[in-house]
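Colleague: In order, the protein sequences belong to chains Y and D. First residue of the first sequence? That's 257 in the working numbering, and the numbers climb one at a time after it. First residue of the second sequence? That's 257 in the working numbering, and the numbers climb one at a time after it.
Among these hints, one or two may not hold up.
Identical chains blur together in the list; that is why a pair holds if it fits in one copy or across any two.
Unchecked claim - DSSO-like, lysine-lysine: derived pairs with alpha carbons at most 27 Å apart:
{"hint": "1", "residue 1": "723", "residue 2": "766"}
{"hint": "2", "residue 1": "706", "residue 2": "721"}
{"hint": "3", "residue 1": "488", "residue 2": "752"}
{"hint": "4", "residue 1": "582", "residue 2": "437"}
{"hint": "5", "residue 1": "567", "residue 2": "535"}
{"hint": "6", "residue 1": "535", "residue 2": "596"}
{"hint": "7", "residue 1": "582", "residue 2": "690"}
{"hint": "8", "residue 1": "701", "residue 2": "762"}
{"hint": "9", "residue 1": "313", "residue 2": "595"}
{"hint": "10", "residue 1": "706", "residue 2": "354"}
If you're looking for bench data, these hints aren't it; they were derived computationally from the structure.
Protein chains: 2
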Amino acid sequence: MKPFLLSVLSLLLLSGSVFSQNKVEKWDVFELTLDGPSSGNPFIGTTFSAQFSNGDKVYEQEGYYDGNGVYKIRFMPDREGTWTYVTSSNKKELDSNKGSFECSKPSEKNHGPVRVRADYHFQYEDGTPFYPFGTTIYEWPFQDARTKNQTIETLRSSPFNKARFLAVPPYKERYVEGPLKITVFPFEGTSRNNWDFSRFNPEYFKNLDESVRQLRELGIEADLILFRPYDKGKWGFDMAGQEVNRRFARYMVARYAAFRNIWWSLANENSFIKNMDDKDWDELFQLVQEKDPYHHLRSIHNADRIYDYTKPWVSHVSYQYYNVVKAPYPTAILRDIYKKPIVNDEINYEGDVESRWGQLSGEELTFRFWNALIGGGYATHGESYKSSPWISIGGRLIGSSPDRIAFLRKIVETGPTTGLEPIDHFYENNMAGKAGEYYLVYFGKDKLNKWDFVLPRRELAAGVKFKVDVIDTWNMTITPLNKVFEVVPVPGNRYKFMDKNKSAIKLPAKPYMALRIRKVGDGKKVQSDGRHELE
Amino acid sequence: MKPFLLSVLSLLLLSGSVFSQNKVEKWDVFELTLDGPSSGNPFIGTTFSAQFSNGDKVYEQEGYYDGNGVYKIRFMPDREGTWTYVTSSNKKELDSNKGSFECSKPSEKNHGPVRVRADYHFQYEDGTPFYPFGTTIYEWPFQDARTKNQTIETLRSSPFNKARFLAVPPYKERYVEGPLKITVFPFEGTSRNNWDFSRFNPEYFKNLDESVRQLRELGIEADLILFRPYDKGKWGFDMAGQEVNRRFARYMVARYAAFRNIWWSLANENSFIKNMDDKDWDELFQLVQEKDPYHHLRSIHNADRIYDYTKPWVSHVSYQYYNVVKAPYPTAILRDIYKKPIVNDEINYEGDVESRWGQLSGEELTFRFWNALIGGGYATHGESYKSSPWISIGGRLIGSSPDRIAFLRKIVETGPTTGLEPIDHFYENNMAGKAGEYYLVYFGKDKLNKWDFVLPRRELAAGVKFKVDVIDTWNMTITPLNKVFEVVPVPGNRYKFMDKNKSAIKLPAKPYMALRIRKVGDGKKVQSDGRHELE
């Protein structure tokens with residue numbers, strides 16, 4: 257592996273034994289640097305934290321050892337004004353260090369960390385909606401500088417606002433020899449023969465710091481995967497045992513929680529880590545929950561044994577279940593089961609590799625994305641062409657789905673601010689939006705030549721007027737129809753409204769078509785019949 | 257309501273102050289009858305139970321007050337040989353009553369209670385597989401004798417081996433006036449003005465006893481629904497409060513647990529009972545779990561808020577979610593989420609009523625049944641024609657789906673004894689059976705004119721030979737093909753085997769077709785490539 261980029265902050269460290277900023281913008285990282293003992297094992301037995309206060313806001317933030325006698329505390333202030341802090345430690349040099357700093361208002365593109373909104377959606381802490389359109393670049397932090405820069409440039413012009421990647425690389429031949437050989441590992445040591453699992457290697461994490469920071473500067477959420485099973489016994493990082501796992505998780509939280517763009521992904525394909533069971537994951541979840549003062553989003557990405565996402569420390573579902581996205585309605589079912597946002601974080605990848613998880617056409621990946629969104633959830637992209645293994649290394653995108661995902665994202669972002677909600681979803685299959693006002697109807701692979709203008713009764717009133725856009729989701733065209741539809745109840749049917757002239761909409765008998773139906777005029781509200789939704 | 261049938265046992269009661277059988281067959285009901293105090297309120301504050309022993313088997317079974325100074329204990333012996341018992345009570349007359357009886361071997365049609373088998377399926381306690389093909393007759397115990405007899409006769413010649421029904425009738429006009437007027441209620445009193453929720457009405461439950469017993473004699477599991485929301489404030493049985501609910505659940509368990517065909521359905525559409533939340537249901541589940549010595553199956557039937565079926569006291573999923581059965585794969589997803597048997601207990605009903613839950617064609621209901629089974633789960637029938645409201649009152653069946661369900665049941669019962677397991681189910685959509693040996697491929701509404709003989713690699717070996725039946729699931733025909741298929745790996749594809757002659761199977765381009773593919777000869781086992789299922 258190439259030498260890591262030196263971060264600006266590590267350069268600043270040279271200036272003295274205590275360093276901190278005087279000023280930081282809201283939701284940026286305030287970093288306090290102290291010199292302390294380097295003897296013994298600073299990773300074990302040294303307690304170090306600070307209490308940060310601003311009015312009635314009080315946070316406890318753990319610090320971390322950064323090597324060479326340097327200790328740091330990173331803090332994310334979430335209120336403007338003066339923050340004061342005081343450190344606590346069982347080491348004299350690190351204890352009772354006091355100070356203060358000013359927190360200024362966030363800059364234009366800084367909306368704070370992402371939170372769950374209205375059970376099934378997300379928003380930034382400042383209230384701006386966040387619709388995750390993620391991508392997958394598992395190993396991007398471990399590539400050479402050229403590839404990393406290319407990844408950054410690709411992301412900059414992509415539709416993606418969330419990136420899933422590994423905190424610890426998978427064991428692969430290319431990281432053991434050749435130009436990408438990794439020489440700096442998360443633990444001290446150079447090979448399985450001499451790991452010291454009681455000592456982290458700060459140099460390793462400085463690279464990861466930079467990766468998280470670069471994504472933050474792009475406005476991309478870092479869906480950081482703490483544990484992974486891809487070791488095949490070669491390095492043994494996934495078999496180090498729960499005590500080491502706990503220490504690792506705690507170190508990661510101390511080091512990264514102050515980055516506003518962090519999402520904690522406890523693991524990728526956790527059930528493939530054979531010496532860990534769900535109780536171990538419960539424990540690590542709770543540790544992260546306890547130690548992260550800012551309560552970043554927390555999930556875990558399943559393999560064959562699905563973790564119980566109803567558990568209270570899980571903020572959202574990070575799913576791998578390809579059949580869920582073969583139609584819109586399974587995602588809607590998952591919403592009702594988990595009562596949390598559903599992110600289909602692995603839906604197979606566009607590509608041409610021999611493994612069937614990486615053989616989707618651009619059409620199929622786009623189709624699955626639409627299904628996830630019409631089901632009231634979200635999805636994550638990945639691309640695995642032999643000539644461009646984006647999901648592994650990043651670099652460039654050559655597939656056809658990203659443009660279509662950008663097109664979909666634009667539709668979603670100009671839709672209801674409440675996100676796409678499945679409409680009348682115990683009976684309907686392919687419709688989301690905001691009942692009464694906005695309907696996105698997706699036909700998937702069905703090749704319809706017409707669609708009767710009939711909508712579920714919910715929230716409708718006789719006389720409400722609509723305009724319609726015909727959307728070709730593959731060719732990325734939006735064709736407004738020069739016509740106004742006005743709804744009346746369907747005679748003899750309690751559940752449906754239709755256009756008063758029984759109009760139908762012509763469709764081109766092609767797959768991947770959709771309709772956007774938006775209210776343009778009010779009608780006369782009819783009394784609800786008070787029936788339960790399931791009737 | 258018509259006078260209840262007197263049960264044989266209540267007649268026998270006339271013979272003395274203590275009555276019990278000398279002999280009972282395994283898994284039948286041993287009933288001990290004692291005279292005790294009738295003063296005060298025997299339903300409150302009187303403890304009464306017995307310990308039953310046979311070798312190292314020891315059970316504690318609560319008794320119940322049956323009115324007129326009569327106390328009973330019902331016990332289900334599950335081991336042949338001599339059982340002894342001794343009662344305990346805080347009332348002298350009921351305490352320290354001892355005795356014994358002989359338990360003989362079960363008669364031919366008695367297989368014991370139903371248990372969960374291999375996570376996703378069921379079997380009787382004697383090991384006989386049980387494949388639930390349920391139906392819904394919510395109010396059948398509350399009908400006149402003629403209708404009840406008709407229901408029994410209909411069930412006798414039906415494919416149904418499980419019946420869902422209510423322990424307490426819904427409030428409906430027809431039960432308040434006219435020939436079906438209910439005069440005997442679960443609680444003492446005659447109307448909302450004078451219920452005594454501290455006293456049950458034993459007469460009411462004698463009728464229910466008979467209903468459970470009649471189903472048992474037919475070999476039909478009684479999926480007995482303890483609570484229901486269908487009161488609309490008129491009787492108030494669903495608003496009596498958690499203390500009354502607890503007492504009711506405990507009384508029901510004391511009274512019915514000894515019937516081997518009992519399944520506890522804690523509620524129908526529990527979230528529509530507005531003054532109860534999931535914690536109340538948790539409590540009632542745990543009460544039933546604690547008090548039922550035989551651990552009958554326990555579930556709850558959801559409405560809009562889905563109960564967390566992962567909770568440990570839930571034995572299986574009793575779902576209402578129509579979209580789950582619009583394709584096979586959502587049921588397979590539910591298996592992976594809940595890790596329990598999935599019974600789609602409400603999939604809409606065949607019928608012609610105005611409510612959309614009762615407007616399915618026979619074709620559609622049959623289609624949904626097949627989907628549930630191919631997804632590795634089960635389904636429950638219901639019929640709601642205006643001229644014959646089977647789901648409410650029972651009586652006669654006039655729909656077209658029961659014959660098709662009988663046809664499906666026969667296929668399932670002659671299939672793998674391990675039940676239908678979804679095959680390669682993270683990628684496949686429409687295939688269940690036993691990988692390598694038996695495949696049921698269901699095409700649903702797709703109108704194929706041919707199907708290429710290609711199977712997932714899992715458990716296959718080059719040279720394995722198969723014979724194929726073409727099944728018309730609607731017309732109920734099974735057409736064996738006069739041909740043997742022999743599989744070889746598909747070149748360049750890690751995941752598939754095909755017929756060595758690249759044969760395809762002709763299909764009639766109609767909906768609702770299926771294939772049954774059964775191994776008739778072994779091949780040469782090829783080494784598994786050891787890849788994870790998700791790859």
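Colleague: State for each hint whether it applies.
Modeller: We went through each hint and held it up to the structure:
1. 723 to 766: within (22 Å within a copy, 38 Å between copies)
2. 706 to 721: within (20 Å within a copy, 46 Å between copies)
3. 488 to 752: between (56 Å within a copy, 26 Å between copies)
4. 582 to 437: neither (39 Å within a copy, 50 Å between copies)
5. 567 to 535: Intra 12 Å, inter 15 Å, cutoff 27 Å: intra and inter.
6. 535 to 596: The answer is both: 21 Å in one copy and 19 Å across copies each meet 27 Å.
7. 582 to 690: Classified as both: same-chain Cα gap 23 Å, cross-chain 24 Å, threshold 27 Å.
8. 701 to 762: both (16 Å within a copy, 24 Å between copies)
9. 313 to 595: The answer is neither: 30 Å in one copy and 43 Å across copies each exceed 27 Å.
10. 706 to 354: neither (70 Å within a copy, 78 Å between copies)
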